[in-house]
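These protein sequence lines map, in sequence, to chains A and B.
Under our numbering, the first residue of the first sequence carries the number 1, and numbering increases by one thereafter.
Under our numbering, the first residue of the second sequence carries the number 1, and numbering increases by one thereafter.
Check the hints yourself; a few may be wrong.
Which copy is meant is left open, so a pair is good if it fits within one copy or across any two.
Capping the alpha-carbon separation at 30 Å, the derived lysine-lysine pairs in DSSO-like fashion look like this [stated by the list, open to error]:
hint, residue 1, residue 2
1, K184, K85
2, K151, K85
3, K101, K49
4, K4, K180
5, K71, K4
6, K174, K4
7, K85, K4
8, K116, K71
9, K26, K101
10, K174, K101
11, K39, K49
12, K152, K85
13, K101, K164
14, K101, K152
15, K174, K164
Hints in this document: simulated from the structure, not taken from any laboratory.
2 protein chains.
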Amino acid sequence: MKNKIGTLNALYPLPTVLVGTVINGKPNYITMAHVGVLKANIVCMGMAKVHFSGHGIIENKTFSINVPSTKQTVVTDYCGVVSGKNTDKSELFTSFYGVMKTAPMIEEFAVNMECKLIDHLDYGSHDIFIGEIVNTFCDDSVLTDGQIDLKKIDPILFDMNTRKYWQLGDSYAKAWSIGKTHPKF
Amino acid sequence: MKNKIGTLNALYPLPTVLVGTVINGKPNYITMAHVGVLKANIVCMGMAKVHFSGHGIIENKTFSINVPSTKQTVVTDYCGVVSGKNTDKSELFTSFYGVMKTAPMIEEFAVNMECKLIDHLDYGSHDIFIGEIVNTFCDDSVLTDGQIDLKKIDPILFDMNTRKYWQLGDSYAKAWSIGKTHPKF
Numbered sequence: 001m002k003n004k005i006g007t008l009n010a011l012y013p014l015p016t017v018l019v020g021t022v023i024n025g026k027p028n029y030i031t032m033a034h035v036g037v038l039k040a041n042i043v044c045m046g047m048a049k050v051h052f053s054g055h056g057i058i059e060n061k062t063f064s065i066n067v068p069s070t071k072q073t074v075v076t077d078y079c080g081v082v083s084g085k086n087t088d089k090s091e092l093f094t095s096f097y098g099v100m101k102t103a104p105m106i107e108e109f110a111v112n113m114e115c116k117l118i119d120h121l122d123y124g125s126h127d128i129f130i131g132e133i134v135n136t137f138c139d140d141s142v143l144t145d146g147q148i149d150l151k152k153i154d155p156i157l158f159d160m161n162t163r164k165y166w167q168l169g170d171s172y173a174k175a176w177s178i179g180k181t182h183p184k185f
Numbered sequence: 001m002k003n004k005i006g007t008l009n010a011l012y013p014l015p016t017v018l019v020g021t022v023i024n025g026k027p028n029y030i031t032m033a034h035v036g037v038l039k040a041n042i043v044c045m046g047m048a049k050v051h052f053s054g055h056g057i058i059e060n061k062t063f064s065i066n067v068p069s070t071k072q073t074v075v076t077d078y079c080g081v082v083s084g085k086n087t088d089k090s091e092l093f094t095s096f097y098g099v100m101k102t103a104p105m106i107e108e109f110a111v112n113m114e115c116k117l118i119d120h121l122d123y124g125s126h127d128i129f130i131g132e133i134v135n136t137f138c139d140d141s142v143l144t145d146g147q148i149d150l151k152k153i154d155p156i157l158f159d160m161n162t163r164k165y166w167q168l169g170d171s172y173a174k175a176w177s178i179g180k181t182h183p184k185f
């Protein structure tokens, strides 16, 4: 028996990240989980227009995505409860830059992606930003045999409906592989 | 010390779902993880044009998102290793419909979202589909106090880079709340 529960979005959990921009000459960081993958190095993001960060992204046509670990939950959530409009968040982290000088990245977070804005859609209350990753950076500490290891990242997974953060559990199967054990295969 | 690792997309894990369409009068389901949230009831999805499902979405301007549990990993992955071009996947599940008759949903999966296509971008190798959720359905089994409980869904989390499926761990903090314990707050 199915319950009809309105138009609730149940596509969770999603990884929580800090999106970096430069506004008024200073790095600013905003907490986001509505960032998704469209194809290999193309990402999309839906950002409410009330946020300060959108102005920086529209002006500079760049942004960064910085992936924290659960140990960095307090500072990550803090960046979502205060606005860059009235709080200087530039001193919270050591910022570094790749090829673009308006996509500040967070040294203390293990994974960083430098992005160029390639599309911008106006969805009323929200800007939809589509970006191309031009450089990815990571710490040695999250690599296993040269590959990024999710368990070592220990990402902060977010559920909008209950407003809770979740940890990642264990890896248990190979994709494009376990399906071959289906009786119809 | 940061390693530069090309333009790798490290925005994982993402929830694995089956996207439903009707093609040639029959339900078809494809495994997807590149489905994201743009705002409340708006989702986006990047789908390689080689897939059969895109034709159904473009023709009908509808699709569904069906959320499996880890217990359904074999059939979920199976839908990603065989193509609707030459395999009839309509008999794998009991399909049901909401208000639209071309967005088949999977009875056996605990959460289902019926979506209307509202935007379609051409990104070369990929179609970008943007949809509005018009109805969400869920089983009693995943509700706690009337709210969808991620632990009860037990979603299949996907990492593209290592091609592994992961389980959800535990909930450990409240969003928009734990950040208020930061010394700068």
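Handout entry: Structure versus earlier hints, numbers of those that do not hold, lowest first
Key = 2, 4, 7, 10, 12 and 13
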